[in-house]
Structure formats: structure tokens, C-alpha cells
Amino acid sequence: MSIVFKKTTGLTDKPFSYCPGCTHGIIHRLVAEVLEELNILDRTITIASVGCSVFAYDYFNTDALQAPHGRAPAVATGVKRMHPEKIVFTYQGDGDLASIGAAEIIHAANRNENITVIFVNNAIYGMTGGQMAPTTLPNQVTTTTPLGREIITGAPIKMSEMIATMDHIAYVERCMAADGPSIMKTKRAIRKAFECQINQEGFSMVEVLSSCNIGWKMSPVDSLTYIKNTMTQTFPLGVFKERKHETNH
Amino acid sequence: MSQVEFLKGNEAIAKAAMLYGIDAFFGYPITPQNELIETMSHVMPANHRVFVQAESEVAAINMIYGAAGAGGRVMTSSSSVGIALKQEGISYCAGAELPCVIVSVSRSGPGLGGILPAQSDYHQSVYGGGNGDYRVIVLAPASVQEAVNDVGKAIQLAEKYRNPAMVLLDGAIAQMMASVVLPTQPLPRVDTTSWAATGDFKTRGTRNVINSLYLDPAKLYAHNQHLQAKYREIARNEALLVDHHPDHHDGAIIAYGTSAKIAIGAAQRLKEEHGIKVKCIQLRTLWPFPKQALREAIKDMPFALVAEMSMGQLFQDVLAFTRSDTVIGYVGKAGGEIITSDDIVNGYLQQMGGEQIEHSV
Chain S
23 MSIVFKKTTG LTDKPFSYCP GCTHGIIHRL VAEVLEELNI LDRTITIASV
73 GCSVFAYDYF NTDALQAPHG RAPAVATGVK RMHPEKIVFT YQGDGDLASI
123 GAAEIIHAAN RNENITVIFV NNAIYGMTGG QMAPTTLPNQ VTTTTPLGRE
173 IITGAPIKMS EMIATMDHIA YVERCMAADG PSIMKTKRAI RKAFECQINQ
223 EGFSMVEVLS SCNIGWKMSP VDSLTYIKNT MTQTFPLGVF KERKHETNH
Chain Z
15 MSQVEFLKGN EAIAKAAMLY GIDAFFGYPI TPQNELIETM SHVMPANHRV
65 FVQAESEVAA INMIYGAAGA GGRVMTSSSS VGIALKQEGI SYCAGAELPC
115 VIVSVSRSGP GLGGILPAQS DYHQSVYGGG NGDYRVIVLA PASVQEAVND
165 VGKAIQLAEK YRNPAMVLLD GAIAQMMASV VLPTQPLPRV DTTSWAATGD
215 FKTRGTRNVI NSLYLDPAKL YAHNQHLQAK YREIARNEAL LVDHHPDHHD
265 GAIIAYGTSA KIAIGAAQRL KEEHGIKVKC IQLRTLWPFP KQALREAIKD
315 MPFALVAEMS MGQLFQDVLA FTRSDTVIGY VGKAGGEIIT SDDIVNGYLQ
365 QMGGEQIEHS V
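Top line first, the protein sequences correspond to chains S and Z.
Residues 23 to 271, numbered by the working numbering, are exactly what the first sequence covers, in order.
Residues 15 to 375, numbered by the working numbering, are exactly what the second sequence covers, in order.
This is chain S alone, in the form it adopts within the complex (with noise of 0.2 Å):
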């Protein structure tokens, strides 16, 4: 008998605290592969932001940070900077990264910090239990917006699209976690990233479109559909900036 497939060792035996039908956990699993086949898991820190993936420090099986509110790229830059020779990741969900962290994601890809984002939208706060963020979609209903998200609260957040106009980064790529092949090209994408930090190239991100299907209230299935269907109309997929081989550090 032969193991044709079997957990990968990026994670920890602990289990998810994800609801069930959330994509938390199969993009988990992807850089957790990632970080297996590229072999740097015993030279990768993690940083766990605040949202439903706070305790991404315990599911990655790395050394791990856990960051406060909107301050990972921060906590990474004075970890990446002790460590120059280390693999740094953050994972963020977008009330993190997109709102109270705005200043931080801009300023660490300003400077070209060599480190990889893991940024998960699902235009929600999940954790807080399915309230406004910056990338709700236009009429999404939360709880915050119970009549649907209307103009005067703002529009999307394109996270992506505005890191991607600082010219000197590195990588920049929005995909989504909605069916097999997305999936699969979602794990490409996160792979291009770290390639990008172990290269020196600096700063890279992988935006991924997510569900909330409790937030959202919708069944896991059709929450998937709307990612596909829906989501994709404001947050467009594809890569955004690539800037090829040239060492940045």
C-alpha cells in the first residue's frame, strides 16, 4: 500500500475553529502545501492578524506572531528586519488589512518589504458576527448595513488594484477560493508570492476572494456561486503587478 495523499506537514494537528462551508480552511491548506514544497517551514514566522484567523498561529506549524488589529505588515517589517534571512508571512482578513490596517499594508508595501500577504476578503466581518467592511459589496447586507450597503458608507475597498500602483513591488494577484480549478490556481499564485520573498524580490501579495456563508447567510454551495458570480464583478480576478527576476535587496 502507497499514501496517495495525506495532510500536508505545514499544519498543526489542531483543529480549525472555522464554520463549516467557510474557505478558511482550504486556503490554510494551500499555503500550508506551499510552504512544505518550497521546504521552508523551519525558516518561516508567521503573523496572525485579529478576525476569524487569530489563531492562525496555532494552525501553521512554523514559529508564529500574533499581531494586534490591523498591525501585521508592521510586526512583520521589525521581524523580517532582525531576520532578513527568514520567510515572513502575514494572513489578514480584509477588516484587518483593508480598514484598521490600511496604513499598515500601505506603508510595509511602500517601502518594499520583503514579506508575503495572505489577504482573505470575503467583504465581512466574520468574526464580530457579519458586520460592514470596507470591501462590502454595493446593497450586501450586514448587520450593520441591514438595508443593504448603500454609497454613503463608502464603496469596495480595491486592496489589490491600489498596492499594485506602487511600482517597485514585487507581486500582486487576486484569485478566489470558490472551486476546484480557482483552487489550484489560487496555490499557484501563493506559491509565486513566496518564490518572490525567498528571490529578494520584496513585497508580495495574494488577495483571495472568499465565503462567509454564515455572515452572508447563504448555504455553503451558493456562497461559492457568489463568489464566482457575484464577487467577482467588483473584485476582478487576476495578477495586478509582476515585476520579474530583479533582486530588490
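What the hints contain is simulated information worked out from the structure, not anything from laboratory work.
Each hint can be trusted.
Pairwise CB distance ranges, derived in the manner of DEER restraints:
hint : chain 1 : residue 1 : chain 2 : residue 2 : range
1    : Z       : Gln67     : S       : Glu107    : 20 to 28 Å
2    : Z       : Val204    : S       : Gly202    : 49 to 57 Å
3    : Z       : Ser70     : S       : Val243    : 40 to 48 Å
4    : S       : Glu107    : Z       : Lys174    : 27 to 35 Å
Result set (EDC-like, lysine to aspartate or glutamate): computed pairs, CA atoms no more than 20 Å apart in a straight line:
hint : chain 1 : residue 1 : chain 2 : residue 2
5    : Z       : Lys216    : S       : Asp35
6    : Z       : Lys216    : S       : Glu58
7    : Z       : Lys216    : S       : Glu59
8    : S       : Lys214    : S       : Asp189
Just some of the chain S residues that point at chain Z, by a computed CB distance under 10 Å:
hint : residue
9    : Gln88
10   : His91
11   : Lys102
12   : Ala125
13   : Ala130
Treat the numbers as computed from the prediction; the structure is a model and nothing was measured.
Backbone N, C-alpha and C fix where the C-beta goes; we use that ideal spot for every residue, glycine too.
Starting from the known structure of chain S, fit chain Z onto it as the hints suggest.
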């Protein structure tokens, strides 16, 4: 051979920190500590250390959290409103037990206040504005040389107890030029391999995680009890005051920082001009507060005067911590004017007979 230089307080602190062996400095401009970050911007890279001008004080303290969590010897500096912004991060550092040094060069407040010296950040430093039951070691130098020495002491205490340590001075000391003896070699290192998240977990055998989140209330209570035991140990070992006039027993002036420097002269004048032998007691640590030593020092005295450049913040703590029959008076001002020898002498003479003056509530 010791290295003597004629430097501004801010420059001296920066150079000393580099010489003590700080690995990384993260800062943000704010008056009156700008020469500190400016000096760091060249002495750190020139000595192959890390310097980052952060996008905000909030980012700077979180870079500290990251670099300290990764085992670095780290320092940040700021002033009043900037220190206010760092409070969340300081609480995280205390909760996760990360050694770090915060230099606080206080200006006047509240709000944007002013840029001239004050000591109105006593509560901010000693009690903090971050959440939770945590403590920050607070050292209070009264001269440029003491500030230089205290940076070294803060590094050692922070590393010994795995706790944030603050050096609290005011803009007067930071902007003053003085001849100072700088350190000649870096301070010895403590071993951080058992806890620092350096990314070597397979070699080490266990994962190191820097965290202050405990959702299980029993575990968080245990963590708090552990922290409190550590704080009690710090309080037992590190509280410090200096009695500048051990042979004066008629009364006392209690002060720290710039006020203490001025109070030393005021005590001398009270003796020479009025024949009253008053001792100047300089608090060198504000947390831990030297309660026992202060009680001893003013025992059997009819009167002691607290002199501070704030509206009674220190006065209230002296009242609470001494609990003696000694009448405690207050003299002070806040807003950027420096307390004078006249203020202290007149305040002492006015209140020593028991006359009460208005002070903060």
C-alpha cells in the same frame, strides 16, 4: 577608556543606545525627541543595525513587538501624544512578555498641548493607557548623563524581566547639551532561544509563539497571576530613590526628573537662606514606586513637599503610598513653564505651617 562627548540629550540617548547594543530602532518624528530619531537614522545603519522610520507611532510600536518577538534588542522613542498612540502596543508587549525600551520625551498636554517640557505624563507612563493588568518599568533621569545610564539600565531590566521598560524624561533634558560619558561596549546578551519566534522550530524542536490571547478565562487568570508575581519581584528588587541630603532631617522635597534637579538647589537655599535643613528626595524609578524607602526617608518629618511639572499626579501617589503623619504639600505647574527654585522655596515656606493650597482633584 571611557568616551566623553558634548551632546544634546536626544543625541546622547541615541548614541548610547547604539553603543549598548540595540539591534533595531523604530521611530516616528515628534517634537521634542526629533534629534533622537535623526541621530539613530545614521548611527544605526552605519553600525549595521536596523533603523526604520515608521508610518506612525502605532506602526513603530508594532515593529518593536515584531522585532522583540523575534529576539531582537529593540528601542523606540516618542513624546506625549505619540506615546498615547503606542499604548495598545505596549500592552501587547507586556502581555506577550517582550523586552523592549521606550524612550518618552514628554512635552505638555492635554491634547496637542505644547512642545515645551512638562511632567504631565506621569500617569500615562506609570499607569499606562493600554488595557489590562500590566506594568511598565519606568526610569526617571534628571540629567543627560542619567538618561544615558538609564537607557542601559532599561535594556537590562527589560531583558531580565521580559517586560517593557520606559525611560521618561522631559524636553528640557532632551534638548539640553552636556558632557556625557558614553558606554564603551555592548551590554551582555540574555538567551532568548526558549521563547523568541526566530523561525527555527525544527532545529529547536518546539514552536515558539508570541501571543497575548487566552480565550480560556482560567488560563488568562493564571497568566495574570504569573505577571503579577513578576511585577512583585520587580517591585521588591528595583524600586530606587536618591536622598541628596542624608544629613537634613527638618523636612523633604520629593521630585523626579527636571523638578528634582531644581529641588536640589531649592533645598540648598532653604538651608542657607532660612536655616531649614530640607532633603531633596529624587525618585529614580516611578514604577516600581520606591514606597518603602520614601516612607523611611520622611518618617518623623512634620512636612514634605512634592514638586512636579504636572497638576498633582505625583502628589496623589505620594499621599497614597506614604500614609504617614507627615503633612504632604504640593507645588507645581504644567503647560511648558519649568518649575523654578523660587516656586519650590516659596511653596515650602508657605505650606510648611500647614496651610493648604489648591491642587488637582
